[in-house]
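**Student:** Chain by chain, the residues:
Number of protein chains: 2
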Amino acid sequence: MNALEELAESFSRLPGIGKKSAMRIANSMLKTDQYFLERFAKQLVELHARIKPCSICGAYTENDPCPICSDTMRERHLICIVEQPQDVNTIENSGEYKGLFHVLGGLISPLDGIGPDQLSIAKLLERINSENISEVIIATNPTVEGDTTALYLQQVLHSKFEGIKVSRLASGLPVGGDLEYADKLTLARSFRGRISL
Amino acid sequence: MNALEELAESFSRLPGIGKKSAMRIANSMLKTDQYFLERFAKQLVELHARIKPCSICGAYTENDPCPICSDTMRERHLICIVEQPQDVNTIENSGEYKGLFHVLGGLISPLDGIGPDQLSIAKLLERINSENISEVIIATNPTVEGDTTALYLQQVLHSKFEGIKVSRLASGLPVGGDLEYADKLTLARSFRGRISL
Chain A
670 MNALEELAES
680 FSRLPGIGKK
690 SAMRIANSML
700 KTDQYFLERF
710 AKQLVELHAR
720 IKPCSICGAY
730 TENDPCPICS
740 DTMRERHLIC
750 IVEQPQDVNT
760 IENSGEYKGL
770 FHVLGGLISP
780 LDGIGPDQLS
790 IAKLLERINS
800 ENISEVIIAT
810 NPTVEGDTTA
820 LYLQQVLHSK
830 FEGIKVSRLA
840 SGLPVGGDLE
850 YADKLTLARS
860 FRGRISL
Chain B
670 MNALEELAES
680 FSRLPGIGKK
690 SAMRIANSML
700 KTDQYFLERF
710 AKQLVELHAR
720 IKPCSICGAY
730 TENDPCPICS
740 DTMRERHLIC
750 IVEQPQDVNT
760 IENSGEYKGL
770 FHVLGGLISP
780 LDGIGPDQLS
790 IAKLLERINS
800 ENISEVIIAT
810 NPTVEGDTTA
820 LYLQQVLHSK
830 FEGIKVSRLA
840 SGLPVGGDLE
850 YADKLTLARS
860 FRGRISL
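These protein sequences, in sequence, are chains A and B.
Each residue of the first sequence is one higher than the one before, counting from 670 in our numbering.
Each residue of the second sequence is one higher than the one before, counting from 670 in our numbering.
Isolated chain A (complex conformation) (with noise of 0.2 Å):
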């Protein structure tokens, strides 16, 4: 293999690129200059000291506690609990939420032998007493592992807070998205969580 050969290796171990892609995209690194290539090989090499989980929250940060555990100006009463750490990052950037979050750092999923006691919930229920929240809303994926964590969530969460208030994240057609093209179980879900106009 020679050095273009390595590089595309490398490249198609990213998620989402395949052999020909990566091939492609090492032929027009032979394109751009050696500044971009030496920026991009020292965001590589730096990426895993600069960028840390948050010591509260659980999202990716350069700063400990990060920039939404450490503003004032959030609902600081209300908790958005969320999968993975990038999911904070998609729920920002919708500009619909201004509370705080928890990342679980996955998913209970009893058969890849993944319990509650894997995931970051005594954390969570720990700022929930410390923090004062009042309310939380649920933000797993709609999928079997999703419903299973949310459902977990809710039934620990009204045990131990009384009058807590407790969401999840509405699921249903997407919006632009077609009757003729939505799958069953989206479409059986829309139907349960109808909204009266």
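It is worth saying that the hints were derived from the structure and are not from the lab.
All residues carry an ideal CB built from backbone N, CA and C; glycine is no exception.
Some hints could be false.
What the hints assert, rightly or not - Subject to a maximum C-alpha distance of 16 Å in a straight line, what follows is the list of computed EDC-like cross-link-like pairs (lysine to aspartate or glutamate):
| no. | chain 1 | residue 1 | chain 2 | residue 2 |
| --- | --- | --- | --- | --- |
| 1 | B | K689 | A | D756 |
| 2 | A | K721 | B | D702 |
| 3 | B | K721 | A | E674 |
| 4 | B | K700 | A | E715 |
| 5 | A | K721 | B | E675 |
| 6 | B | K711 | A | E675 |
| 7 | A | K700 | B | E715 |
| 8 | B | K711 | A | E678 |
| 9 | B | K689 | A | E761 |
| 10 | B | K721 | B | D702 |
| 11 | B | K711 | A | D740 |
| 12 | B | K767 | B | E804 |
| 13 | A | K834 | A | E804 |
| 14 | A | K711 | B | E804 |
| 15 | A | K711 | B | E715 |
| 16 | A | K711 | B | E674 |
| 17 | A | K689 | B | E761 |
| 18 | A | K767 | A | E795 |
Said to hold, decoys possible - Per label pair, the in silico range of CB-to-CB distance:
| no. | chain 1 | residue 1 | chain 2 | residue 2 | range |
| --- | --- | --- | --- | --- | --- |
| 19 | B | S697 | A | Y850 | 57 to 65 Å |
| 20 | B | L838 | A | S763 | 48 to 56 Å |
| 21 | B | L856 | A | Y850 | 25 to 33 Å |
| 22 | A | T855 | B | E707 | 40 to 48 Å |
With chain A held as given, fit chain B onto it using these hints.
**Tutor:** Structure of chain B alone, referenced to chain A:
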């Protein structure tokens, strides 16, 4: 921008990778080990120094002349003309061709101000003369620029080298394709280039 967003920005500059995929890839890099990142970074930084165009044919190579130009077992009377260095790999991978290559470095395109003088044509003619080439296969893309370049080359070659065999790759329906989905131009070409059985 934090380190993660900076890395995603670099990934989003690669061909075929959009903003969302770039962020997804950058996040996945947080889960890889430092060893992979260091090796990847080294490959990027060293690329320009290690890979150069072959001084004879123009293909990308670590050693000059490239393995194909220095291979005495290949059919050295036969030369295949391609547009870009990566086309050499594509043809090599097909296993169909055992001759030499010549990279033009572009195609004739009056709209982009690229004429025959900007391409590696003088060198091609010199090679055909000094290396005793008796057959030329033109493998430019079946596009307007590829057709123009092929036509130009054919005229120049026939005028300069008496008795030289010049051909061009067949254009028509892709194998496994479907008549129903073939565009008009491809279908027209497959009629004109039909093969008697």
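**Student:** Against each hint, give a clear statement of whether it holds in the structure.
**Tutor:** Quick rundown of the hints versus the structure:
1. K689/B - D756/A: holds (12 Å)
2. K721/A - D702/B: Holds - the C-alpha atoms of D702/B and K721/A are around 14 Å apart, at most 16 Å.
3. K721/B - E674/A: holds (13 Å)
4. K700/B - E715/A: Answer holds: K700/B to E715/A is near 14 Å, not above 16 Å.
5. K721/A - E675/B: Since the Cα atoms of K721/A and E675/B sit roughly 15 Å apart, the hinted pair holds (cutoff 16 Å).
6. K711/B - E675/A: Distance ~11 Å between K711/B and E675/A Cα, so the pair holds.
7. K700/A - E715/B: Within the cut-off at roughly 14 Å; holds.
8. K711/B - E678/A: holds (13 Å)
9. K689/B - E761/A: holds (14 Å)
10. K721/B - D702/B: violated (30 Å)
11. K711/B - D740/A: violated (38 Å)
12. K767/B - E804/B: holds (13 Å)
13. K834/A - E804/A: holds (5 Å)
14. K711/A - E804/B: violated (48 Å)
15. K711/A - E715/B: holds (13 Å)
16. K711/A - E674/B: Distance ~14 Å between K711/A and E674/B Cα, so the pair holds.
17. K689/A - E761/B: holds (14 Å)
18. K767/A - E795/A: Given pair K767/A, E795/A is violated - Cα atoms ~21 Å apart, limit 16 Å.
19. S697/B - Y850/A: 57 to 65 Å: violated (29 Å)
20. L838/B - S763/A: 48 to 56 Å: Roughly 50 Å apart at Cβ, these two residues keep to the hinted range, so it holds.
21. L856/B - Y850/A: 25 to 33 Å: holds (31 Å)
22. T855/A - E707/B: 40 to 48 Å: holds (43 Å)
Going through the hint list in order, the structure does not satisfy hints 10, 11, 14, 18 and 19.
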